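Just so you know, the sequences run in chain order A and B.
In terms of our numbering, the first sequence opens at residue 19 and continues consecutively.
In terms of our numbering, the second sequence opens at residue 6 and continues consecutively.
These aren't lab readings, by the way, just hints derived from the structure by calculation.
Errors might be hidden in some of the hints.
[As the list claims (entries may be wrong)] Not the full set, but computed from the structure, chain A residues with beta-carbon under 10 Å of chain B:
| id | residue |
| --- | --- |
| 1 | Ser20 |
| 2 | Val22 |
| 3 | Val24 |
| 4 | Leu28 |
| 5 | Pro30 |
| 6 | Glu31 |
| 7 | Asp34 |
| 8 | Pro35 |
| 9 | Gln36 |
| 10 | Asp38 |
| 11 | Ser42 |
| 12 | Ser44 |
| 13 | Val86 |
Since this is a predicted model, take the numbers as computed values, not measurements.
We put the beta carbon where it would ideally sit given N, CA and C, even for glycine.
Single-letter residue listing:
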Amino acid sequence: MSRVIVDVMLKPEIHDPQGDAVLSASHRLGFSNVSRVRQGKRFELEIDGPADEKEIEELARELLANPVIEEFTLRSAD
Amino acid sequence: MSDKDTIEVAAATGDQAQPHKELGLTDDEYGKVREILGRRPTAAELALYSVMWSEHCSYKSSKVHLRNLAPSAVQSEKLLAGIGANAGVVDIGQGYAVTFKIESHNHPSFVEPHQGAATGIGGIVRDILAMGARPVAVMDALRFGAADAHDTARVLPGVVSGISFYGNCLGLPNIGGELAFDPCYIGNPLVNALCVGILKHDDLQEASARGKGNKVVIFGSRTGGDGVGGASVLASATFDDASGKSAKRPAVQVGDPFMEKILIEACLELFEQGLVEGIQDLGAAGVACATTELAAGGDGGMHVTLDDVPLRDSTLNPAEILMSESQERMMAVVRPDNMAAFTKVCEKWDVEATVIGEVTDDETLTMTWRGATVVKIPPRTAADGGPVYSRPMSRPAALDALQADSPAKFPRASSGADLKDTLLKLISAPELADKSWVTQQYDHTVRGNTVLAMPEDGGLIRVDEETGLGIALATDGNGRYCKLDPYNGARLALSEAYRNVAVTGATPTAVTNCLNFGSPEDPEVMWQLAEAVRGLADGCEELGIPVTGGNVSLYNQTGSNAIHPTPVIGVLGVHPDVRQRVGAGFGTDGARVILLGETREEFGGSAWARVLHGHLGGQPPAVQLDSERILAAVLAAGASSGLLASAHDVSDGGLAVALAESCLRGGRGCDVSLTGDVFTDLFSESAARAVVSVVPGREEEFASLCTAHGLPAAVLGTVTGDSLAVRDVFSVTLSDLRSAWEAPLPALFG
């Protein structure tokens, strides 16, 4: 079995209202030196046998990320 | 785009090549900009003219035709603001006014369905807000490719989730709309959003910058790289242009409904305290559009310091700042002595507000950036002085053959079993099936004033708690009828929306429209557009109600395949007392069921022809606007005298589908008899008809009401039992009807 982590983030130019909300909440709570927040998602996949990078990329593009507004990175967790 | 392209540099480097074509300006248009300025435009000016003169913002292809929609004096009686304003405003009595408008967000919704549809709601809500009104409800008219097409499975759920996300978070009820499927919309879905707002007469706001020295304030979200060039590139060209290279896709705009909510509350408080001299929402073409339109609408001058526009992305250059379509932003003109109070209100609502310039009297829009002048133009040349085209038009070559290809050639069910089967096939077609899968994702009762919402024919909102004054709204459009005959198709759409408002008991009062067509560069599409506009203008004249505004969406085509011409018509009605509203469902056992209006053999473009035979051809049903007016008068009188237990319009799928819907809506069956040709009686789509049930004991009163108006009224039977029974023909249980009707959408979209 192999484990793969897929991190999905909004593309840098895309507006992230959730990140902005977390930023302003940080300031309200007194964490005043936080200057920017971008929020994303992390998927941990467990694969039977060795991980086929191409296949996981396809899965990420089709299902885990919305390639129109998001980008993703894959890395092995083994 | 050069960062340092100032007007001095532009004047000195007149020969420098500029990317006007990439920005959507033709050689002639670019030449005209140079002529106006007496030099080449700077990069920022080029960006500004390209978005302001885009099809989306300038209506350059449709303007010559839209002039026909200007209401006559009689029609304008109740208009407080009309075409050209952010949205039309109609007097509804008791000191109230209503503003409403429908707008397309077709192209963004294809690229990114969820955000595209969400920001469509956001944009139309800000248009309504800019008139000084509190937005109170939204509606959506949606059209997709075939229901079982692969891309529909991507686009539809995204669009619906975007609408529900934004509308529900914003706290606006979604009270109706449409959902239609046709293969012609594959790749070009139509997402038209309507918003309605309520104001007192004195609250009406102006989109103009007057008074030298007044401050120009941008407030709401910060400006980022979202949707740069969206209007000029995306909404004003087909996706795969002839050169084969894909157009530059601008960054998708992402909506933030919570920001919009505080922006609404902040604006309403600013209006209430009288702190705003002029206001404009930022939609397509962002700061470029808001500054030029405010300046052009006022004394004609403004000075803007672009460095002061609060940015989310500090790398934006002047052209990008001007073209950005970041959401949830507004621009106001404020007297200097009101600035402190203005800032205080914005701080209270946690809305960032920044002075970016001031009103001048030099008839010039000047913008500086990093100490240099990057824009210096006469603002009216950008806002109103754009090109106007009388594009070539030609009647589609295939139209005669299409109109001659009548569905009369197809076999019609005649046995009871076959007729029942036809009904079941119709109500299980995705277009006629239960829409709950979509509508249950929308909050339709928030704010507590919703009286009727889908699946009723029209949405109905209470305006005044004491008097019961209300407003009804419906949208309709039938691309299939318009394909067969755009002139009459537009009149039929108007006719149906008018009727859908009337069945609630409201009196239809005003019209908005969203004209969805293919490429204006195709003469056959231009002919369709011209015909549809002519039809709408004539129809409104005949019905005596004004067009208050609208929106045009062109280039809805892929390659040479244009969508069906699809004018979507919204009608607003005034309801004297919502306590006497009439619903579509059979709710009273023993109530007499009556068909109002006349049925002729009309199957061109019908649901039967499409669902049973996959056919589109012939002539659409005859338009009966005089009868439509009489029908509406009877429905309004019947509702206010409490004679009607239910009223439902008869349209797609004919009487059979209307009866099935009234039965399912009310949870009661009916027993009816037909006297004419059974197939025509059941499935013809003749206009100006409604099926009503009358409060028991009031039958004679209602009969004399119909007689007095000269309205044909045929007694069909009574509301009874738990089957839809057509005597001597067939009977189908409500549970069989319900399973056929409810199954399709969940099966398709999960």
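Structure-based check of all given hints:
no. : hint  : in the structure
1   : Ser20 : 30 Å, violated
2   : Val22 : 25 Å, violated
3   : Val24 : 20 Å, violated
4   : Leu28 : 8 Å, holds
5   : Pro30 : 8 Å, holds
6   : Glu31 : 5 Å, holds
7   : Asp34 : 7 Å, holds
8   : Pro35 : 4 Å, holds
9   : Gln36 : 9 Å, holds
10  : Asp38 : 8 Å, holds
11  : Ser42 : 8 Å, holds
12  : Ser44 : 15 Å, violated
13  : Val86 : 5 Å, holds
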